[in-house]
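Novice: For reference, the chains in residue letters:
Protein chains: 2
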Amino acid sequence: MTMDEDERYVHGKPQNSFHKAVNIPDIVVYPRSEEEVSKIVKACNMHKVPIVPYGGATSIEGHTLSLNGGVCIDMTLMNRVKALHVEDMDVVVEPGIGWMELNEYLEPYGLFFPLDPGPGATIGGMCATRCSGSLAVRYGTMRDNVINLKVVLADGEVMKTASRARKSAAGYDLTRLMIGSEGTLGVITGITLRLQKLPQSSVVAMCNFPTIKDAADVAIATMHSGIQVSRVELLDEVQIRAINLANDKNLPEVPTLMFEFVGTEAYAREQTQVVQKIASEHNGSDFVFAEESEEKKELWKIRKEALWACFAMEPNFEAMITDVCVPLSHLAELISRSKKELDASPLTCTVIAHAGDGNFHTVVLFDPTREEQRQEAERLNHFMVHTALSMEGTCTGEHGVGTGKMKYLEKELGIENLWTMKRIKDALDPNNIMNPGKLIPSNVCF
Amino acid sequence: MTMDEDERYVHGKPQNSFHKAVNIPDIVVYPRSEEEVSKIVKACNMHKVPIVPYGGATSIEGHTLSLNGGVCIDMTLMNRVKALHVEDMDVVVEPGIGWMELNEYLEPYGLFFPLDPGPGATIGGMCATRCSGSLAVRYGTMRDNVINLKVVLADGEVMKTASRARKSAAGYDLTRLMIGSEGTLGVITGITLRLQKLPQSSVVAMCNFPTIKDAADVAIATMHSGIQVSRVELLDEVQIRAINLANDKNLPEVPTLMFEFVGTEAYAREQTQVVQKIASEHNGSDFVFAEESEEKKELWKIRKEALWACFAMEPNFEAMITDVCVPLSHLAELISRSKKELDASPLTCTVIAHAGDGNFHTVVLFDPTREEQRQEAERLNHFMVHTALSMEGTCTGEHGVGTGKMKYLEKELGIENLWTMKRIKDALDPNNIMNPGKLIPSNVCF
Numbered sequence: 000m001t002m003d004e005d006e007r008y009v010h011g012k013p014q015n016s017f018h019k020a021v022n023i024p025d026i027v028v029y030p031r032s033e034e035e036v037s038k039i040v041k042a043c044n045m046h047k048v049p050i051v052p053y054g055g056a057t058s059i060e061g062h063t064l065s066l067n068g069g070v071c072i073d074m075t076l077m078n079r080v081k082a083l084h085v086e087d088m089d090v091v092v093e094p095g096i097g098w099m100e101l102n103e104y105l106e107p108y109g110l111f112f113p114l115d116p117g118p119g120a121t122i123g124g125m126c127a128t129r130c131s132g133s134l135a136v137r138y139g140t141m142r143d144n145v146i147n148l149k150v151v152l153a154d155g156e157v158m159k160t161a162s163r164a165r166k167s168a169a170g171y172d173l174t175r176l177m178i179g180s181e182g183t184l185g186v187i188t189g190i191t192l193r194l195q196k197l198p199q200s201s202v203v204a205m206c207n208f209p210t211i212k213d214a215a216d217v218a219i220a221t222m223h224s225g226i227q228v229s230r231v232e233l234l235d236e237v238q239i240r241a242i243n244l245a246n247d248k249n250l251p252e253v254p255t256l257m258f259e260f261v262g263t264e265a266y267a268r269e270q271t272q273v274v275q276k277i278a279s280e281h282n283g284s285d286f287v288f289a290e291e292s293e294e295k296k297e298l299w300k301i302r303k304e305a306l307w308a309c310f311a312m313e314p315n316f317e318a319m320i321t322d323v324c325v326p327l328s329h330l331a332e333l334i335s336r337s338k339k340e341l342d343a344s345p346l347t348c349t350v351i352a353h354a355g356d357g358n359f360h361t362v363v364l365f366d367p368t369r370e371e372q373r374q375e376a377e378r379l380n381h382f383m384v385h386t387a388l389s390m391e392g393t394c395t396g397e398h399g400v401g402t403g404k405m406k407y408l409e410k411e412l413g414i415e416n417l418w419t420m421k422r423i424k425d426a427l428d429p430n431n432i433m434n435p436g437k438l439i440p441s442n443v444c445f
Numbered sequence: 000m001t002m003d004e005d006e007r008y009v010h011g012k013p014q015n016s017f018h019k020a021v022n023i024p025d026i027v028v029y030p031r032s033e034e035e036v037s038k039i040v041k042a043c044n045m046h047k048v049p050i051v052p053y054g055g056a057t058s059i060e061g062h063t064l065s066l067n068g069g070v071c072i073d074m075t076l077m078n079r080v081k082a083l084h085v086e087d088m089d090v091v092v093e094p095g096i097g098w099m100e101l102n103e104y105l106e107p108y109g110l111f112f113p114l115d116p117g118p119g120a121t122i123g124g125m126c127a128t129r130c131s132g133s134l135a136v137r138y139g140t141m142r143d144n145v146i147n148l149k150v151v152l153a154d155g156e157v158m159k160t161a162s163r164a165r166k167s168a169a170g171y172d173l174t175r176l177m178i179g180s181e182g183t184l185g186v187i188t189g190i191t192l193r194l195q196k197l198p199q200s201s202v203v204a205m206c207n208f209p210t211i212k213d214a215a216d217v218a219i220a221t222m223h224s225g226i227q228v229s230r231v232e233l234l235d236e237v238q239i240r241a242i243n244l245a246n247d248k249n250l251p252e253v254p255t256l257m258f259e260f261v262g263t264e265a266y267a268r269e270q271t272q273v274v275q276k277i278a279s280e281h282n283g284s285d286f287v288f289a290e291e292s293e294e295k296k297e298l299w300k301i302r303k304e305a306l307w308a309c310f311a312m313e314p315n316f317e318a319m320i321t322d323v324c325v326p327l328s329h330l331a332e333l334i335s336r337s338k339k340e341l342d343a344s345p346l347t348c349t350v351i352a353h354a355g356d357g358n359f360h361t362v363v364l365f366d367p368t369r370e371e372q373r374q375e376a377e378r379l380n381h382f383m384v385h386t387a388l389s390m391e392g393t394c395t396g397e398h399g400v401g402t403g404k405m406k407y408l409e410k411e412l413g414i415e416n417l418w419t420m421k422r423i424k425d426a427l428d429p430n431n432i433m434n435p436g437k438l439i440p441s442n443v444c445f
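Those sequence lines, one after another, are chains A and B. Residue numbers 0 to 445, in numbering that gives the first Met the number 0, belong to the letters of the first sequence in order. Residue numbers 0 to 445, in numbering that gives the first Met the number 0, belong to the letters of the second sequence in order.
Treat the hints with care, as some may be off.
[To be verified] Which stretches of chain A does chain B cover? Using the computed rule of at least three CB atoms under 8 angstroms from a CB of chain B, they are:
1) 125-132
2) 173-181
3) 219-225
4) 255-265
5) 379-393
6) 423-437
Keep in mind that the hints were calculated from the coordinates and are not lab data. All C-beta atoms in this analysis are idealised placements derived from N, C-alpha and C, irrespective of residue type, glycine included.
Make a model of the complete structure from these sequences and hints.
Specialist: Next comes the structure, spelled out in structure tokens:
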């Protein structure tokens with residue numbers, strides 16, 4: 000526990016978010032057990048003190064902001080693996096463990112956890128924001144990969160959401176209700192995760208296209224081919240320029256697709272050939288693929304570090320990262336319309352899409368000291384959200400609502416949906432202590 | 000709308016369930032649109048009249064019983080396909096459409112919906128009970144295959160749970176909250192389903208084992224091989240005897256595994272070889288496989304009609320179907336312990352397991368005119384549920400809670416979980432009109 004000003008400031012400041020801090024927590028606590036979390040929450044509930052659960056703080060929509068001061072519960076000391084069940088292909092962990100540390104732990108057992116958000120993200124935070132990443136196209140999102148949760152509810156009671164069976168029809172799906180609830184319904188204190196076997200073999204491939212629409216069309220055709228690609232990532236020419244700059248590379252600065260295929264050696268290769276054929280039918284060129292471990296790492300590193308590469312173009316700028324997602328048939332149109340707007344903007348903007356899911360990010364770089372640049376970034380964000388909503392899409396594919404996306408929810412989901420969320424929130428957290436001011440717009444009333 | 004006694008009786012009687020009807024609905028209504036459902040629910044809410052949503056009535060845990068009379072809303076006239084989006088691989092349907100009719104509709108487009116519960120089940124009912132079936136091992140359960148729902152809430156308002164994007168982090172997962180809520184939170188009036196490409200190629204295989212433990216071990220080893228089998232079903236020697244009787248077959252009456260492998264032609268064959276090797280390492284014999292369409296249908300028909308085959312042994316009996324599910328490592332032990340109990344019972348019992356998921360059914364045949372036989376069937380059911388719960392499993396893998404499994408929920412999930420369910424139920428249905436007396440035990444109070 001600390002009331003140290005610096006620590007409170009660090010915890011109040013959005014780490015990776017373009018949202019501004021308006022307040023800092025009054026206190027930061029570092030529980031080491033579920034019992035401690037329960038005691039903290041009980042006390043807060045009694046005195047009606049706001050709580051902000053805090054993990055890796057890699058979320059970007061203002062989820063960890065302490066809008067009303069109160070208690071920041073930093074979960075990072077609860078980072079143990081409690082039980083690994085190799086035969087069941089599941090693992091029980093505390094929320095503060097990072098997904099990268101977890102995968103290091105799992106590797107000797109031939110297992111891995113197949114979600115790959117930003118480095119530093121913790122499993123608890125990933126549950127809270129319903130995160131996904133580039134592998135979701137094959138393995139699903141956090142929603143699909145959690146077997147059960149332990150949750151400290153607003154009254155301090157500890158709830159188990161489900162048994163450890165992989166499948167169950169026993170009651171309301173409280174596991175999924177908590178996943179994506181962003182700390183507004185409880186503090187996650189334990190997680191049982193589904194694991195996957197490390198693939199026997201994999202191939203990483205890259206291909207260039209004359210237009211971004213060609214690239215998007217190939218991503219769509221790949222999904223329709225029935226092939227279970229494990230990654231299909233789209234990068235635009237500006238993003239490739241950033242990568243060249245940051246890594247001293249010489250890649251053709253054109254729209255590019257990156258694929259990963261996994262399976263047995265023969266099957267990974269067969270998939271590669273199918274997609275190579277699809278690409279060639281859509282003006283794809285320079286199809287390269289790697290089967291050697293070092294080569295694959297090198298290719299994949301480019302994608303993994305894409306965000307950081309952007310800062311090579313504008314080192315003192317901040318990034319607004321957009322996150323819309325649409326039904327696949329609308330992706331090419333969404334990207335084309337967005338690109339036109341982005342290219343016409345004075346700001347530097349790059350495109351990175353998890354194209355197999357219809358999930359489309361842009362990195363909009365702006366000078367944080369210049370308000371008109373922040374506003375222009377906001378305008379571009381609005382434009383893409385509204386375009387996506389007009390295509391039956393969502394304002395957030397994987398980054399969550401936080402404070403940043405609340406204003407779009409009514410348009411996306413309708414007021415009846417917000418009423419239902421509010422009724423659930425009021426029922427489970429009557430004193431509104433759990434991460435207040437996030438996810439549910441404050442103007443929702445019955 | 001009808002108040003005809005026969006229709007009310009038919010709707011009050013459990014169709015496929017061993018639960019006894021204690022009442023019948025006062026009225027049966029057949030809405031043809033969401034607006035009509037909304038009006039019905041509004042009126043019922045105003046007058047505090049209980050509602051039972053009714054689909055194919057294939058559920059077996061008493062979900063459709065009219066415990067308190069009231070209004071039975073038969074949804075089967077709302078059975079249209081509203082929109083098929085081939086490019087997005089999704090379809091928007093009304094709840095009354097059956098999964099088999101839907102698949103007939105989809106076949107010309109090269110698409111299918113990959114869940115296969117009992118024939119006659121409707122998509123709405125499958126959502127309400129969070130059903131799955133033999134393909135869940137590859138494609139997941141209803142939870143994983145629904146993009147969004149339209150739901151008429153207890154106050155008659157119509158809610159959309161989510162956009163049509165495949166992935167979203169926009170707010171509480173109300174889609175998943177409704178899936179498995181068994182009509183206790185609202186009436187489902189529209190469903191957007193994820194579809195799959197019909198596999199290019201498939202192989203069906205069968206293999207015999209000296210003991211049921213050997214068969215279970217092979218199912219487990221198959222899951223661990225990293226192969227994405229699309230079906231792995233275990234049948235015991237009694238079930239095979241029933242199949243022989245019903246179909247005039249001569250299959251070896253020993254524990255048997257049935258597999259399906261899908262993918263490209265080469266990959267389906269490669270998977271078959273891997274599993275054949277695994278089976279041979281665990282005392283498997285007579286490994287046969289079929290690649291021809293007719294042959295495959297013939298093999299698979301055996302499994303599909305397994306339940307009906309049981310009645311060939313005892314034509315005038317009823318069946319109690321059990322439905323526990325455990326972490327995979329416990330499956331062999333669970334089946335072995337259960338088999339000992341079943342074999343010692345005077346009743347005829349067969350075993351059918353979705354072995355890849357750890358989901359294990361038995362069909363317990365009893366003479367409904369003899370109360371001691373019903374009680375013996377209940378005793379066997381209890382035994383298996385308690386054994387599964389002692390192994391961190393669930394009392395219901397896919398059949399749901401209804402009235403039949405309520406009594407096990409506190410042991411499985413803990414009272415804090417039941418409190419949370421009750422709080423949500425009270426918040427969304429304050430007059431307790433939505434399928435009252437189901438899912439949440441009536442003795443849960445705060």
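Novice: Each hint: holds or not?
Specialist: Do the hints match the structure? See the list:
| no. | hint | in the structure |
| --- | --- | --- |
| 1 | 125-132 | holds (count 4) |
| 2 | 173-181 | holds (count 6) |
| 3 | 219-225 | holds (count 5) |
| 4 | 255-265 | holds (count 3) |
| 5 | 379-393 | holds (count 5) |
| 6 | 423-437 | holds (count 4) |
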